[in-house]
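Respectively, the protein sequence lines represent chains L and H.
Sequence positions in the first sequence follow the working numbering and run 205 to 341.
Sequence positions in the second sequence follow the working numbering and run 408 to 592.
To be clear, the hints were calculated from the coordinates, so they are not data collected in a lab.
Only a predicted model underlies this, so the values are computations on that prediction, with no experimental measurement involved.
Please note: incorrect hints may appear among the correct ones.
[To be verified] With a straight-line cut-off of 27 Å between C-alpha atoms, the simulated DSSO-like cross-links for lysine-lysine are: (1) Lys437/H x Lys465/H; (2) Lys206/L x Lys498/H; (3) Lys336/L x Lys281/L; (4) Lys514/H x Lys498/H; (5) Lys498/H x Lys281/L; (6) Lys206/L x Lys501/H; (7) Lys514/H x Lys501/H; (8) Lys206/L x Lys281/L; (9) Lys206/L x Lys267/L; (10) Lys465/H x Lys336/L; (11) Lys455/H x Lys262/L; (12) Lys465/H x Lys271/L; (13) Lys437/H x Lys263/L; (14) Lys267/L x Lys498/H; (15) Lys336/L x Lys455/H; (16) Lys264/L x Lys206/L; (17) Lys437/H x Lys271/L.
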Amino acid sequence: MKQIVYLSIGIFFGIIMYKSEAASWFRIYEMFQFGSFHMYGIIGSALVLGVIGIQIIKKKDLKAVGKQQMRLSPKEKGFSRYVIGGTIFGLGWALSGACPGPMYVLVGSGYFSILVVIFGALLGTLLYGILKDRLPH
Amino acid sequence: MNIIYEPWPWYVAGPLIALVMFLLLFAGKKFGMSSNLRTMCAAGGAGKVADFFKFNWKEERWNLLVVIGAVIGGFIASQFMSNNKVDINPKVSKQLSDDYQIDSSGKAYLPPELFSTEQLSNPSMLGVLLVGGLLVGFGARYAGGCTSGHAISGLSNLQLPSLLAVIGFFVGGLVMIHAIFPIIF
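With the sequences and hints as input, model every part of the structure.
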């Protein structure tokens, strides 16, 4: 039963990413050229509602299913990892025109070249795991 | 019937993305689309080469179900709900055509100049895709999240680290498009 819930959320997410064109290389390129409000509007409106909703969750101390705590733990403190890691991510985001969610959506849409990007992303994750202790965080 | 094929405007998509985040929170999980890469590495036996992958990945199997769902969602949307053409700002479209001979905006969802199967036999295009993915995977784990984990979840929870990461995302993206693209394409 739970499995079906996660699968359905994934399907819903996939449809939103594709239909909003957030999974399109063109939209990412256009965003970094400041050519349209579209991507900023998507992220911005999600964010405004997200901030309001999370404030409500915290004020009313709402619980997740099964009375568990919500997973809203603060991010670890740090500077270098966020700035350097974030910049590296941004370089890749613009180069491949895809962030991790849309990559999977594009596999389903039949753009099989994206499998090369996913393979690269797995390799990058592996590389980070190996180098982690030698990097500034 | 055309309305089914029209792209969704930002004011529909943004709120729906927030809804996805809340659905996952109420399910006792969190919205972050790059952690599954770590789960896949761990499931593939990467625990043998780095402690970073020594965790009970089976507990994160829900994440892989979301991934499978996203693939199915991409299939449904592209097959039944879209004409698979993305129109962008005509100025950007012209610039893509003039500077990089990418003429496919308004005609395709992804540029075939980069993503067609034939281009996979072109070593430089294969390199672009591979390096792009590598930077995304490395950067997402180094920063502890991607667009969903930081720009949506983290910023919604007013996390300063997420703000730093998102500034990084945009700095990296702008450098790539404005400084590196003219060199490599």
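Verification of the hints:
As the CA atoms of Lys437/H and Lys465/H are separated by approximately 16 Å, the hinted pair is consistent with the 27 Å bound. About 47 Å separates the Cα atoms of Lys206/L and Lys498/H, which puts this hinted pair outside 27 Å; it is violated. Of the pairs offered as hints, the one joining Lys336/L and Lys281/L holds, with about 16 Å between alpha carbons and a cut-off of 27 Å not exceeded. Our distance criterion of 27 Å between C-alpha atoms is met by Lys514/H and Lys498/H, whose separation comes to about 16 Å.
Restraint check: the Cα-Cα separation between Lys498/H and Lys281/L comes to about 41 Å, which exceeds 27 Å; the hinted pair is violated. Simply put, Lys206/L and Lys501/H have alpha-carbon atoms about 48 Å apart, too far for the 27 Å limit, and the pair is violated. Proposed proximity of Lys514/H and Lys501/H is supported: the alpha carbons are some 13 Å apart, at most 27 Å. The suggested pairing of Lys206/L with Lys281/L is violated, with an alpha-carbon distance near 33 Å, which exceeds 27 Å.
This hinted pair checks out: Lys206/L and Lys267/L have alpha carbons roughly 17 Å apart, not beyond 27 Å. Our distance criterion of 27 Å between C-alpha atoms is met by Lys465/H and Lys336/L, whose separation comes to about 22 Å. With a CA separation close to 40 Å, the supplied pair Lys455/H and Lys262/L exceeds the 27 Å bound. A C-alpha spacing of about 22 Å is found between Lys465/H and Lys271/L, which places the hinted pair at or below 27 Å, so the restraint holds.
In summary, the hint linking Lys437/H to Lys263/L is supported, as the alpha carbons are separated by about 19 Å, within the 27 Å threshold. Taken as a hint, the Lys267/L and Lys498/H pair is broken in the structure, with Cα atoms around 48 Å apart against an allowance of 27 Å. Between Lys336/L and Lys455/H the alpha-carbon distance is near 15 Å, which keeps this suggested pair within the 27 Å criterion. For the proposed pair Lys264/L and Lys206/L, the alpha carbon gap of about 25 Å is at most 27 Å, so the pair holds.
Of the supplied pair hints, the one linking Lys437/H and Lys271/L holds, its CA atoms being roughly 16 Å apart against a limit of 27 Å.
Comparing the model with each earlier hint shows violations of hints 2, 5, 6, 8, 11 and 14; every other hint is respected.
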